[in-house]
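> If you read the protein sequences in the order shown, they are chains A, B, C and D.
The opening residue of the first sequence carries number 1 in UniProt numbering; numbering runs sequentially from there.
The opening residue of the second sequence carries number 1 in UniProt numbering; numbering runs sequentially from there.
The opening residue of the third sequence carries number 1 in UniProt numbering; numbering runs sequentially from there.
The opening residue of the fourth sequence carries number 1 in UniProt numbering; numbering runs sequentially from there.
Incorrect hints may have been included.
If several chains are the same, the list does not tell them apart, and a pair holds so long as it fits within one copy or across any two.
[As the list claims (entries may be wrong)] Pairs of lysine-lysine, DSSO-like flavour, derived with a Cα cap of 30 Å: (1) Lys310 <-> Lys96; (2) Lys216 <-> Lys288; (3) Lys201 <-> Lys8; (4) Lys311 <-> Lys213; (5) Lys200 <-> Lys84; (6) Lys216 <-> Lys84; (7) Lys96 <-> Lys231; (8) Lys8 <-> Lys231; (9) Lys216 <-> Lys56; (10) Lys219 <-> Lys89; (11) Lys215 <-> Lys243; (12) Lys213 <-> Lys8; (13) Lys56 <-> Lys310; (14) Lys288 <-> Lys243; (15) Lys82 <-> Lys200; (16) Lys213 <-> Lys84; (17) Lys231 <-> Lys288.
Calculated directly from the structure, the hints in this document are not laboratory data.
Quick caveat: nothing in here was measured; it's all calculated off a predicted structure.
4 protein chains.
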Amino acid sequence: MTESQVKKIGVLTSGGDAPGMNAAIRAVVRTANYYQLDCFGIREGYSGLMEGNFTKMGPRSVNNIINQGGTILKSARSLEFKTKEGRQKAFEQCQKIGIEGLVCIGGDGTFTGAKIFYEEFGIKVIGIPGTIDNDIFGTDHTIGYDTALNTAMEAIDKIRDTATSHNRVFFVEVMGRDAGFIALNSGVATGSLDILIPEKKYSIENLFRNFRKAKKSGKSSNIVVVAEGEKLGSIYELAQQTKAEFPDFDIRVSVLGHTQRGGAPSCADRVLASRLGYGAVIGLMEGKTNVMAGIRANQLVYTPIGEAIKKHNEMNGDLIKIAEILAT
Amino acid sequence: MTESQVKKIGVLTSGGDAPGMNAAIRAVVRTANYYQLDCFGIREGYSGLMEGNFTKMGPRSVNNIINQGGTILKSARSLEFKTKEGRQKAFEQCQKIGIEGLVCIGGDGTFTGAKIFYEEFGIKVIGIPGTIDNDIFGTDHTIGYDTALNTAMEAIDKIRDTATSHNRVFFVEVMGRDAGFIALNSGVATGSLDILIPEKKYSIENLFRNFRKAKKSGKSSNIVVVAEGEKLGSIYELAQQTKAEFPDFDIRVSVLGHTQRGGAPSCADRVLASRLGYGAVIGLMEGKTNVMAGIRANQLVYTPIGEAIKKHNEMNGDLIKIAEILAT
Amino acid sequence: MTESQVKKIGVLTSGGDAPGMNAAIRAVVRTANYYQLDCFGIREGYSGLMEGNFTKMGPRSVNNIINQGGTILKSARSLEFKTKEGRQKAFEQCQKIGIEGLVCIGGDGTFTGAKIFYEEFGIKVIGIPGTIDNDIFGTDHTIGYDTALNTAMEAIDKIRDTATSHNRVFFVEVMGRDAGFIALNSGVATGSLDILIPEKKYSIENLFRNFRKAKKSGKSSNIVVVAEGEKLGSIYELAQQTKAEFPDFDIRVSVLGHTQRGGAPSCADRVLASRLGYGAVIGLMEGKTNVMAGIRANQLVYTPIGEAIKKHNEMNGDLIKIAEILAT
Amino acid sequence: MTESQVKKIGVLTSGGDAPGMNAAIRAVVRTANYYQLDCFGIREGYSGLMEGNFTKMGPRSVNNIINQGGTILKSARSLEFKTKEGRQKAFEQCQKIGIEGLVCIGGDGTFTGAKIFYEEFGIKVIGIPGTIDNDIFGTDHTIGYDTALNTAMEAIDKIRDTATSHNRVFFVEVMGRDAGFIALNSGVATGSLDILIPEKKYSIENLFRNFRKAKKSGKSSNIVVVAEGEKLGSIYELAQQTKAEFPDFDIRVSVLGHTQRGGAPSCADRVLASRLGYGAVIGLMEGKTNVMAGIRANQLVYTPIGEAIKKHNEMNGDLIKIAEILAT
């Protein structure tokens, strides 16, 4: 490798936490150390950047964190960083200790901040997609997504035990405000009768039709997975409408909520985070900036941050169809 | 063993399902087979008893169920069995195939039904305590309780990852309408700041005091576990009042709900269920009736069903105190 | 879709079992039912094919199996099917009930059998890659691989608790006779000091060098992950040689063994199995034969079976390097 | 509470690590803090005691460890502490900073050391039973035992998937050098055909008889759980002898090994550890010494250390019988 374009870098996590963020931090710190860069951990995202909440990190600072959920650097949302003054403060903090490049781990909001900060002040930035929602373009999967899928699936597996024992109908809400990836995949994986996601044009009549089909085919208990961002109505409204149509149904609602964000990361997430943490540092060393590191078709790729924010991974149309075919 | 007092028995599960019920069914069926009794599985609790929904079961009927949550016999609540006419139908069904004894797996409601049925019609009954709530007198633990504790704890562990990463306060509701066992134990096990249970005299001021103490001691994130049946107000009200008192807190609510009922039973629950299933059949063979099989201080004991329903296991006072001491 | 090229199909599992095989069987059966094909389950792989051990399967035959490890159709290795006579018998069984196409779930051995059977007798065959080893060309991942990774990783996480508490060195053997995928990925995911895989040219001196580096950097406990098929010597020999070089090391060996084959499949494996089960049936309906269904870059693709057997997925070179960089 | 008999205490973990040790350390530290005692963490057991490897610990030193396996204080076996000279050094270290009482978390060996140390030098000692083997008198369960049971059971559940799919016989070795508690309970919980433990008089003929019975009753796959300390022969010898007797059996051996020692502690273990950590500090404050804190029949009790070492919990005879009855 030719000489590195940066000597001192910082790493931060911002936005909602996701399992695997710690594995990414570890990879950034150790790769920097391996290539003899100085690496600073920045606490609480952009807030810490503005306040100079920096700690020098070496390989031992990240011992035994690869298997921990959450982020040891903590995360926070910052309104101040959305202002020019806030970013000016952040720039001065970087100047003070000579930080030339930043690795920003998070989602859309995190990347938007990084992009503007680079464009205004010239500090090099590379994004790493860390969010359970999988709604970032430029990578097949985001860090935390695979773990969240397994968490949601295991919860629904448990609910299924009760559903089956009591011949019940369960509406289960999973995370995914703008994207139905968690709902679609956990729904297929748990053999759900129906899956309601923002991406699918759908009416309550479709749902009722599926209930009728299930009844006819002898299915006595059913689970319907609903993405948080689904537009047909809240999960409680859906349950009520269903009860009105099928008065003999014994219906329950379960909202999986924040349990989906935590937990020890899966193997896939730890490996992905390790590859992206490495890739981000390598990218900075090569002089890259304003890009996001991702893995597509098993290759490390860099996507302009602007593109990563604007575009979206498309829902696999086949899988929507497969979900329907396998449901009954 | 002298000659058995019964030759044909039935087994049913009733009320809310609990992990380990299948292990209990298996133990009943295999113990009966071992002692050459005929054993019938009765589907959907007392409904199935009234409708004669019986299946002869042998050792192979219960293959590979010891590790499954829920109940293969299914469960249901029956209003009709609460009437004399309903129980008369049930008695006739028993007569038709010669069932002399019943093993009834469930909670309070299940036992009340069994007691009346025995007193009216003389069919011998033995109860097995199967409920995640642990609110049955006559046994140190009920079947399903240990599994539910682990399920609740694992969910709260995940929530803690997020709480810590974001310096948040979480109110987490766990099951336990009349008893705070799940809340108290899962709260201690997850290092919760406070635990709100029906058994504890308490005011919102106590809770606020604990928040203040935590702040002072440098704890930046906190979890409060709330039992379903807690009387201070709904978990959402508690969160609102707390927000009013501490406007800078970032507060979230999570209701664990039905996931706590399902899942593969823990080792302790499978062993408990195996011992109680065996104990129930042995009891019937010895002519016992109107009792519940339980394990106390590691010994199999039989408690009159009336007593099991009326009395309650007391919350361990020490543990409430320990919870407070260890919280900060 | 134009008219289906087959009306009656069979499905079998063969070779070592893998988590997700049941999800694949379920997808085959339900897709067949959806498109009004007759579908027969063939028990115990090619043995059952020769003996006509067939059962007609409908959508309810595969209820509640998507979350189960192992294979409800059972698996077996058959010497007889390797003979012409054996395959002749199998062909006659197919003729007897009119089976025109077979879905064969398994690995290399399974596919070789399918290929010869098709070439000799013209029964259409489509393979589905089901093996934890991930050593099949034509698909990014094989069914069971992701689950096995998580199982191995979770076991190593546990071992790490003990290693850290006692400042110990652990050699851990994971599965993978011909391919180091499980070792490399579980090794990266657990922060192992070194990973020994058949694909990497390596000497015991490299390993010793890494131990010395770790010592210098202050790492007091270390885990070395070894693939079953590693050629430097058995894991016990490696441990002994290491002890001879570093007499003060407290060294232990752990062989993870068969636990890696079982367990509830991960979400990724259930979704993969669902897509491939669907894809195999669609393939047969379109008249495809002698191919394997796989997913590459998130697309369903069909690869000639001969190619799937002969070629191999290459180990990601980057990941080997990343493993080294992140180890210390 | 009247005035405390001690003002400065130390806490150490020694012997094999067990899940829940960290929860016990946390409880000791926080209870000491609550009652305004000084508390020192002693690293690496008796070695650290001799070397004065002490750290003052406050409530924040034990943040977020309740859910971690292993021990943050590390553990070690010390030959030197078995000598008078070694213990003299330890005493001098205690004198230097004024430690009046020690909480010693571990098993038999740990307690023996503590007892002699107290008898020679008068430093008050209280033991906490921390070992997965459950072989300590004076407490219903030792810390770590419940977690180890679940770990062993989950591993055997996975093995069962493969056993069933291939009609195989598995011999599975679990930990327990002197006591068969893990084997007996995990064996019952997984529906094993037979369970070989040191406490049971047994011959290989008994085992063969059970295999024959299973065959006759139609069981096509079987698991035999063997305790490490079983005297009939090594697990490999048992497998060979079985193969000689039943040549058509497809037999595999699996040794669960060190995975059983690690992992996040179960809820029961965390609660037990919290109660015992509290109980040990309270005991020291009340002037108790040379005793072990335990929980029997849900009550905190103190047993003379000498008794805890000499006596043993008896294996539940009923459970051995139940295991046999339920096996087939």
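> Could you run down the list of hints and mark each one as holding or not?
Structure-based check of all given hints:
1. Lys310 <-> Lys96: Classified as neither: same-chain Cα gap 33 Å, cross-chain 58 Å, threshold 30 Å.
2. Lys216 <-> Lys288: Neither. Shortest intra-copy (59 Å) and inter-copy (33 Å) distances fail the 30 Å Cα cut-off.
3. Lys201 <-> Lys8: neither (49 Å within a copy, 34 Å between copies)
4. Lys311 <-> Lys213: neither (37 Å within a copy, 44 Å between copies)
5. Lys200 <-> Lys84: Neither way: Lys200 and Lys84 sit 39 Å apart in one copy and 51 Å across, limit 30 Å.
6. Lys216 <-> Lys84: Neither, since 62 Å and 34 Å both go past 30 Å.
7. Lys96 <-> Lys231: Neither: 48 Å inside a chain and 52 Å across chains, both beyond 30 Å.
8. Lys8 <-> Lys231: Neither way: Lys8 and Lys231 sit 46 Å apart in one copy and 41 Å across, limit 30 Å.
9. Lys216 <-> Lys56: Result: close only across copies, 20 Å inter versus 64 Å intra.
10. Lys219 <-> Lys89: This pair counts as between: shortest inter-copy Cα distance 28 Å, intra-copy 61 Å.
11. Lys215 <-> Lys243: within (15 Å within a copy, 46 Å between copies)
12. Lys213 <-> Lys8: between (62 Å within a copy, 24 Å between copies)
13. Lys56 <-> Lys310: neither (34 Å within a copy, 50 Å between copies)
14. Lys288 <-> Lys243: Neither: 56 Å inside a chain and 44 Å across chains, both beyond 30 Å.
15. Lys82 <-> Lys200: neither (33 Å within a copy, 46 Å between copies)
16. Lys213 <-> Lys84: neither (57 Å within a copy, 38 Å between copies)
17. Lys231 <-> Lys288: neither (40 Å within a copy, 40 Å between copies)
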